[in-house]
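Required output: the full structure, derived from the provided sequences and hints.
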Amino acid sequence: MAPGDDTAARPFTICRADAPVPAALAGAVAAIGNFDGVHLGHRMLVDIVRAAAHAAGRPAAILTFEPHPRAYFAPDAPMFRLTGLAAKEIVFAHLGLDGLIVRRFDGALAETGARAFVLDFLKGSLALSGVVVGHDFHFGRGREGTPAILAELCREAGMICQIVAPVALGGETEPVSSSAIRAALAAGDVVRANTLLGYRWFVLGAVRHGDKRGRQLGFPTANMMLPDCGLAHGIYAVRVRLASGGFHGGVASYGRRPTFDDGAPLLETYLFDFSGDLYGQDIAVEFVSYIRGEERFASAEALVERMHIDAAAARAMLARDETPSMLT
1 MAPGDDTAAR PFTICRADAP VPAALAGAVA AIGNFDGVHL GHRMLVDIVR
51 AAAHAAGRPA AILTFEPHPR AYFAPDAPMF RLTGLAAKEI VFAHLGLDGL
101 IVRRFDGALA ETGARAFVLD FLKGSLALSG VVVGHDFHFG RGREGTPAIL
151 AELCREAGMI CQIVAPVALG GETEPVSSSA IRAALAAGDV VRANTLLGYR
201 WFVLGAVRHG DKRGRQLGFP TANMMLPDCG LAHGIYAVRV RLASGGFHGG
251 VASYGRRPTF DDGAPLLETY LFDFSGDLYG QDIAVEFVSY IRGEERFASA
301 EALVERMHID AAAARAMLAR DETPSMLT
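The working numbering numbers the first residue of the sequence shown as 1 and each following residue consecutively.
Read the hints as simulated data drawn from the structure, not as lab findings. In this text, all values refer to a predicted model and were calculated from it rather than measured experimentally. Cβ coordinates follow ideal geometry from the N, Cα and C atoms, glycine included. Be aware that a few hints might be false.
Ranges between beta-carbon positions, derived for each pair [said to hold, decoys possible]:
| id | residue 1 | residue 2 | range |
| --- | --- | --- | --- |
| 1 | ASP262 | ARG155 | 36 to 42 Å |
| 2 | PRO20 | ALA187 | 42 to 48 Å |
| 3 | ASP277 | ALA51 | 44 to 50 Å |
| 4 | ALA51 | PRO78 | 35 to 41 Å |
| 5 | GLU152 | PRO258 | 54 to 60 Å |
| 6 | ALA243 | HIS135 | 28 to 34 Å |
| 7 | HIS135 | GLY171 | 18 to 24 Å |
| 8 | SER125 | ALA86 | 47 to 53 Å |
| 9 | ASP18 | PRO227 | 24 to 30 Å |
| 10 | THR328 | GLU152 | 41 to 47 Å |
| 11 | ARG208 | GLY142 | 37 to 43 Å |
| 12 | ALA56 | ARG208 | 46 to 52 Å |
| 13 | ASP106 | GLY246 | 25 to 31 Å |
| 14 | GLY113 | ARG320 | 50 to 56 Å |
Laid out in structure tokens, this is it:
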């Protein structure tokens, strides 16, 4: 359970793709959206959907779509997703909900009008008893549906409907948004991104074989590809969850390795106090703090000297870090 969440642990049901809605989520009140990042603004929707569902005696759920609509309409355009579906499943399972409903975003759904989206899809196909959405939620063919239209159609269908205002951090005027988090990560400002998320941003992936150069330098690394990742190239203090469930602190480099090959961007993570073979295993890497930008060194020896400094800096940052984790 996420820090600050006083909800007792409960079963969490995931209904993927086109699977029928299970009995555990029948008549749910659902928060609807893409939820990229599942940030503090999204958490407000989660709190409200839980309260509304509890008051109605209904399950509390999330409704989201795959692929992301932006990827559907522009499949060749790069898109920095903060949380793919697997990461969303991890985060939502921590938030005291009853379940997650994932529906395929395809041509048929894209061409569904606003009225049919509410009456036929939400009320008919999914049998939802209510919805919670953000103030900027649009839906239906050509985004014709607005929050006001949604509220009117829900009244017609006898469904609960709550529209949630934007959420800003204390003392700030700009609302929390996925775009703001992407901008922070693009600048290497992991601390700012984590503040807006309410937890440490993390990535998931399988450890792949590399050129073994880290091992030769005395810093063996677990290497991961991060497609379309907009994170600033540089060195980071990280925490790593292994497939076994164990955690290790570490220091990671994300970038093109300018001292050696200027290749495709790669996340290379050196785990502290670990020895073993991780090839092919799925791991999660949480980003805690930015140490420095990517640099080209005159020699491998100069790089190794700096790597020792970076490792010491990462250990110090990890010792001070109190940011919540969604992986524990």
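To see whether the hints hold, each was checked on the structure:
{"no.": "1", "hint": "ASP262 to ARG155: 36 to 42 Å", "in the structure": "violated (59 Å)"}
{"no.": "2", "hint": "PRO20 to ALA187: 42 to 48 Å", "in the structure": "holds (44 Å)"}
{"no.": "3", "hint": "ASP277 to ALA51: 44 to 50 Å", "in the structure": "holds (47 Å)"}
{"no.": "4", "hint": "ALA51 to PRO78: 35 to 41 Å", "in the structure": "holds (38 Å)"}
{"no.": "5", "hint": "GLU152 to PRO258: 54 to 60 Å", "in the structure": "holds (57 Å)"}
{"no.": "6", "hint": "ALA243 to HIS135: 28 to 34 Å", "in the structure": "violated (40 Å)"}
{"no.": "7", "hint": "HIS135 to GLY171: 18 to 24 Å", "in the structure": "holds (21 Å)"}
{"no.": "8", "hint": "SER125 to ALA86: 47 to 53 Å", "in the structure": "violated (25 Å)"}
{"no.": "9", "hint": "ASP18 to PRO227: 24 to 30 Å", "in the structure": "holds (25 Å)"}
{"no.": "10", "hint": "THR328 to GLU152: 41 to 47 Å", "in the structure": "holds (43 Å)"}
{"no.": "11", "hint": "ARG208 to GLY142: 37 to 43 Å", "in the structure": "holds (41 Å)"}
{"no.": "12", "hint": "ALA56 to ARG208: 46 to 52 Å", "in the structure": "holds (47 Å)"}
{"no.": "13", "hint": "ASP106 to GLY246: 25 to 31 Å", "in the structure": "violated (40 Å)"}
{"no.": "14", "hint": "GLY113 to ARG320: 50 to 56 Å", "in the structure": "holds (53 Å)"}
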